[in-house]
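The primary structure of each chain is shown beneath.
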Amino acid sequence: MRSPIRKAMDIFVVFIVAIYLAPIYWISLTSVKPMNEINSKEPVWFFEPTMEHYVEAFERFEFGKALLNSSIIVFSATIITMILALIAAYALARMKLRGADVLSLFILSLRFMPGVVIAMPYYLMFLKVGLIDSHIGMIIVYVGYGLPFAVWIMRGFLIDLPKDIEEAARLDGLGWMSIIRRIVLPLSGPGIAVTAIFTFVFNWNEYLFALYLTQANAVTLPIQIAKMVDAYTVLWGTISASVVMQLVPMIVVVFLLQRHMIRGLALGAVK
Amino acid sequence: MTVSLKNLRKTFADGTDAVKSIDLDIEQGEFITLLGPSGCGKTTTLRLIAGLEEPTSGEIYINGRQVNDVDPGDRDIAMVFQSYALYPHMTALQNMTLNLTVSGLSKEEANKKALETARTLGLEELLDKKPGKLSGGQRQRVALGRAMVRDPVCYLMDEPLSNLDLKLRELMRTELKRIHKKDKVTTVYVTHDQAEALILSDRVTVMKDGEIQQIGDPVEIYGNPANEFVAEFIGSPSINLIKADVVDNGIAIEGNLVSNRNFPTANGGVNLGVRPEDVILSVTESGGLKGKIEFTEPQGGVVHAFVNLDLSEKKLKNRDYLVVSMDVHESIDVGTTVGVKFREERINYFDCGTGRSLAETT
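From first to last, the protein sequence lines stand for chains A and B. Counting along the first sequence from 1, when you hit position 187 you're at 187 in my numbering, and nothing is skipped either side. Counting along the second sequence from 1, when you hit position 347 you're at 1347 in my numbering, and nothing is skipped either side.
Rather than coming from a laboratory, the hints here were simulated on the basis of the structure. We put the CB at the ideal spot given by N, CA and C, even for glycine. Among these hints, one or two may not hold up.
Once the Cα atoms are required to be at most 27 Å apart in a straight line, the calculated DSS-like pairs of lysine-lysine come out as [said to hold, decoys possible]:
#, chain 1, residue 1, chain 2, residue 2
1, B, LYS1133, A, LYS163
2, A, LYS96, B, LYS1020
3, B, LYS1130, A, LYS163
4, B, LYS1182, A, LYS163
5, B, LYS1113, B, LYS1181
6, B, LYS1006, A, LYS96
7, B, LYS1182, B, LYS1167
8, B, LYS1317, B, LYS1341
Computed Cβ-Cβ distance ranges for the label pairs, DEER-style [claimed, not checked]:
#, chain 1, residue 1, chain 2, residue 2, range
9, A, LEU108, B, LYS1020, 53 to 63 Å
10, B, GLU1116, A, TRP176, 46 to 56 Å
11, A, VAL13, B, THR1011, 54 to 64 Å
A few chain B positions that, by computed beta-carbon distances, are all more than 10 Å from chain A [what the hints assert, rightly or not]:
#, residue
12, GLU1059
13, HIS1089
14, LEU1281
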């Protein structure tokens, strides 16, 4: 028998989940609603679904190109960030560096800076070296901006890994890079999954840098969706369809990585 | 000489002197224990030999080669960790073969070698299991196997049995002894368990505060401890230390002569070290030292009696009762007043001021 408190908690949880899901539900509904019913004064619950907004997103607003740009930039940036973060975090967590704590806090503090402060310098620099509106330019920006946070989270996870295992690996003749690749990497699944999800989601939704640094060639999804609003009309249907499509890769990534987030691989290693 | 430590020191960044000037020569095929309470520097010494810590000063030689700047993996040693430190994402076989494949052996050769080692440890059935699926004792065997398969010049073992329950610990202790007898590989073994040290070792090194107190074979360490610390640390129940006076014809406790030995150099009096089994109690004795049995602790074959000595002031160091081991079949009832005598030839004498053994001075 469940206690009344437990029941009340369950209802509360359902309520919270409903609050979070309601906008997603509404936007999904809007994405398949005919235009006149989107704009009606009373909410319309029953209607003939249409795919016109999806078609419009692709045909009129080059959604496919923006999706490809976002995918190339964000996946590349996330993978590069993770590789660099793992190596840097390992050095900060394990090597006997003087002031490693201060250094990691300093690295994290780079992230406290408002993005707009570095967006302009980036713009001016990229203008000089011809990286404006390029995939490589955006990857560099996202790696640079995402790295401090990724290093900081990864360091927290790596510090918790049993040190003995790495020492055993040193005695087995493995060098630092081999230890990272063959021992640390397989054991830090949860840490890597969490960090990768944070990095991916941030980059996927990033708007400010993309606004400054892209024009036509490397435009990402958030920028492309914003173009669906102009001085005269807001294309709610097309926007909703685009947002639904933008959500899909994010859900897939989170779904794929979530099973790695379950801690426990390190169990049984020591004691 | 397999391992040689010359004037080895280790001071940590926070200023702790973990190891203060250690000199130690370990012979080929020897089983040597580093024994001491926690914080005595025994594990740090082992980690210095392994190369997991860098010495502040001094030299480390393995097989005649100075290894101060040699990577842990190139020192030709194998270590067994207290936590076993198995790779949790690898099978027992992969755990055992990692070093072999890293050092250039083909996978087939490595597997063959691992299988041979596994056979001697009874691990064949477990080779495809990951550490998470193994029991404590099995993990311990895999960790041992991982060290053995390498044929190193020296094993370093850091309290390898301390995570096992008592029964399993005794079993593994025998196993270690058997393996060492068979292979005769030099072994440096760290423990805080004096019984384990006495049982396993060819020689025991007793350490305290980063310094070696005494090196000797188990019989010597037990019978002739170099100072009061070693005397108290070795043996369970620990030795009785009794303050005595140097008199004209020997040594006496409140006028009761207990020994004919003479120590003119001991100006502040002497402390007698008497093992519980070297005290003789008798119900018929009329003169001499007396006491009353306050309570007893039966231990199976022996009974430990706690005797309240009939003295005007407290003479016992660190305890209130004289501890005596009696054969269970010859034990005396609680409450009995007994005469107390010591086996004179087995008494250890320590300088009251320095705590050092006076055996050398006579």
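Verification of the supplied hints:
Among the hinted pairs, B:LYS1133 with A:LYS163 is consistent with the structure: their alpha-carbon atoms are about 21 Å apart, no more than 27 Å. Between A:LYS96 and B:LYS1020 the CA atoms are separated by roughly 22 Å; this keeps the pair inside 27 Å, and the hint holds. Of the pairs offered as hints, the one joining B:LYS1130 and A:LYS163 holds, with about 19 Å between alpha carbons and a cut-off of 27 Å not exceeded. A C-alpha spacing of about 32 Å is found between B:LYS1182 and A:LYS163, which places the hinted pair above 27 Å, so the restraint is violated.
Distance check on the hinted pair: B:LYS1113 and B:LYS1181 sit about 20 Å apart at the alpha-carbon level, within 27 Å; holds. Proposed proximity of B:LYS1006 and A:LYS96 is supported: the alpha carbons are some 25 Å apart, at most 27 Å. Proposed proximity of B:LYS1182 and B:LYS1167 is supported: the alpha carbons are some 23 Å apart, at most 27 Å. The straight-line distance between the Cα atoms of B:LYS1317 and B:LYS1341 is roughly 18 Å, inside the 27 Å bound, and the hint therefore holds.
Between A:LEU108 and B:LYS1020 the beta carbons are some 40 Å apart, a value that contradicts the proposed interval 53 to 63 Å. At roughly 31 Å, the beta carbons of B:GLU1116 and A:TRP176 sit outside the given window of 46 to 56 Å. Between A:VAL13 and B:THR1011 the beta carbons are some 55 Å apart, a value that agrees with the proposed interval 54 to 64 Å. Separation of B:GLU1059 from chain A is adequate, the least Cβ-Cβ distance of about 20 Å exceeding the 10 Å criterion.
Not every C-beta of chain A lies more than 10 Å from that of B:HIS1089, the closest at about 4 Å, which undercuts listing it as non-interface. Residue-level check passed: B:LEU1281 sits 45 Å from the nearest beta carbon of chain A, beyond 10 Å.
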